[in-house]
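Colleague: In case you want the letters, here they are:
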Amino acid sequence: MIYFGYALSAVAVLFFLADGASKLLKPEPVVKATVQLGYAESAIRPIGLALLAFTVIYVLPATSAFGAILLTGYLGGAVASNIRVQATAFNCMFPMIFAILVWAGLALRNPQIYTALFHHGAGA
Amino acid sequence: MQTTVENSAPQAGPMLWTARALYGLATLFMLFDSGAKLFVAPGVADAFRRQDMSLSLAPVIATILLALTVLYVIPRTSVFGAVLLTGYFGGACACNLRAGFGPFETLFPVIFGIVVWAPIYLLNKDVRRLIPVLRR
Chain A
-18 MIYFGYALSA
-8 VAVLFFLADG
2 ASKLLKPEPV
12 VKATVQLGYA
22 ESAIRPIGLA
32 LLAFTVIYVL
42 PATSAFGAIL
52 LTGYLGGAVA
62 SNIRVQATAF
72 NCMFPMIFAI
82 LVWAGLALRN
92 PQIYTALFHH
102 GAGA
Chain B
19 MQTTVENSAP
29 QAGPMLWTAR
39 ALYGLATLFM
49 LFDSGAKLFV
59 APGVADAFRR
69 QDMSLSLAPV
79 IATILLALTV
89 LYVIPRTSVF
99 GAVLLTGYFG
109 GACACNLRAG
119 FGPFETLFPV
129 IFGIVVWAPI
139 YLLNKDVRRL
149 IPVLRR
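Heads up: the sequence lines are chains A and B, in that order. As numbered in the working numbering, the first sequence has no gaps in its residue numbers, which increase by one up to the final residue, 105. As numbered in the working numbering, the second sequence has no gaps in its residue numbers, which increase by one up to the final residue, 154.
Hints in this document: simulated from the structure, not taken from any laboratory. In this text the structure is predicted, and so the values were computed from the model without any measurement. You may find that some hints are simply not true.
Unchecked claim - If we take Cβ atoms under 10 Å as the criterion, some of the chain B residues that face chain A in the derived model are:
hint, residue
1, D51
2, S72
3, L75
4, R94
5, T95
6, G108
7, C113
8, P127
9, V128
10, G131
11, V145
12, R147
13, P150
We put the CB at the ideal spot given by N, CA and C, even for glycine.
The whole structure should be built from the sequences, with the hints applied where relevant.
Modeller: Shown next as structure tokens:
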């Protein structure tokens, strides 16, 4: 299960690295897709930098849970951007699938994540 | 099995009350916000227009926020709820960023995300162990 966890996290991380790098390099299809979502072209590099930073935080073992939270926010932004333009259901769900990979990959490697998420909450 | 409070409550009194106050504040704000969107309160239509967001999405967004808030309030699912709310606030931040709002409006959902996580962090030692902020 631990190796399965690494595999899920690796799929997500490789995708984020490729996506983040493509936002820094800004090839034509990436610019087109982002502008179609209504973002200014000048926003592409900062968005790519944020994704790469969150991915690094997720990869570092000491900060991986914090990285997962930051990536969740990033992916929530991707979902909202697609919903706003009333994109296809697949496009809207696609970032959610990655959020599941991020958290499932982490929880399978570190059972403390599963405990923290579902066993007991705030208790206030 | 230990009870939730034994497992997770901080020892210090002021910290406990700070956490409870933030928990209540975050919850009330989200209930208020989802209610405002559900009934399209004055200002909601204007905010949606500024974000270039279809007003027909308001009840959907309101229902999602309400459901996530309920998960956040139930002790057993509060951490999971906080994760899902993080996605919701990421969406709000992205919409404000896209629409070219100023830094305060753009960062407000991020600040609110911190307000949502702070009580969870303070009240749940599992979360404290996993998120190494202020690690002792």
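Colleague: Could you run down the list of hints and mark each one as holding or not?
Modeller: Going through the hints against the structure:
Annotation: D51 of chain B was flagged as interfacial toward chain A, and the flag is violated, the nearest CB pair being 15 Å apart, outside 10 Å. Nearest Cβ of chain A to the Cβ of S72 of chain B: about 7 Å, under the 10 Å cut. The hint holds. Contact between L75 of chain B and chain A, as hinted, is supported at the beta carbon level, the nearest pair being about 7 Å apart and thus within 10 Å. The interface hint given for R94 of chain B holds, since its Cβ lies 5 Å from the closest Cβ of chain A, which is under the 10 Å cut-off.
The closest approach between the C-beta of T95 of chain B and any C-beta of chain A is roughly 6 Å, which is under the 10 Å cut-off, so the hint is satisfied. Annotation: G108 of chain B was flagged as interfacial toward chain A, and the flag holds, the nearest CB pair being 3 Å apart, inside 10 Å. Restraint check, C113 of chain B versus chain A: the minimum CB separation of about 5 Å is within 10 Å; hint holds. Because the beta carbon of P127 of chain B sits about 8 Å from the nearest beta carbon in chain A, less than 10 Å, this interface hint is met.
Proximity of V128 of chain B to chain A holds as hinted, the smallest CB-CB distance being about 8 Å (cut-off 10 Å). With its C-beta approaching chain A no nearer than about 6 Å, G131 of chain B sits inside the 10 Å limit, and its interface hint holds. Taking 10 Å as the C-beta cut-off, the interface hint given for V145 of chain B holds, the closest approach to chain A being about 5 Å. With its C-beta approaching chain A no nearer than about 7 Å, R147 of chain B sits inside the 10 Å limit, and its interface hint holds.
Interface hint at P150 of chain B: satisfied, since its Cβ lies 6 Å from the closest Cβ of chain A, which is below the 10 Å cut-off.
Checked against the numbered hints given earlier, the structure breaks only hint 1 and satisfies all the rest.
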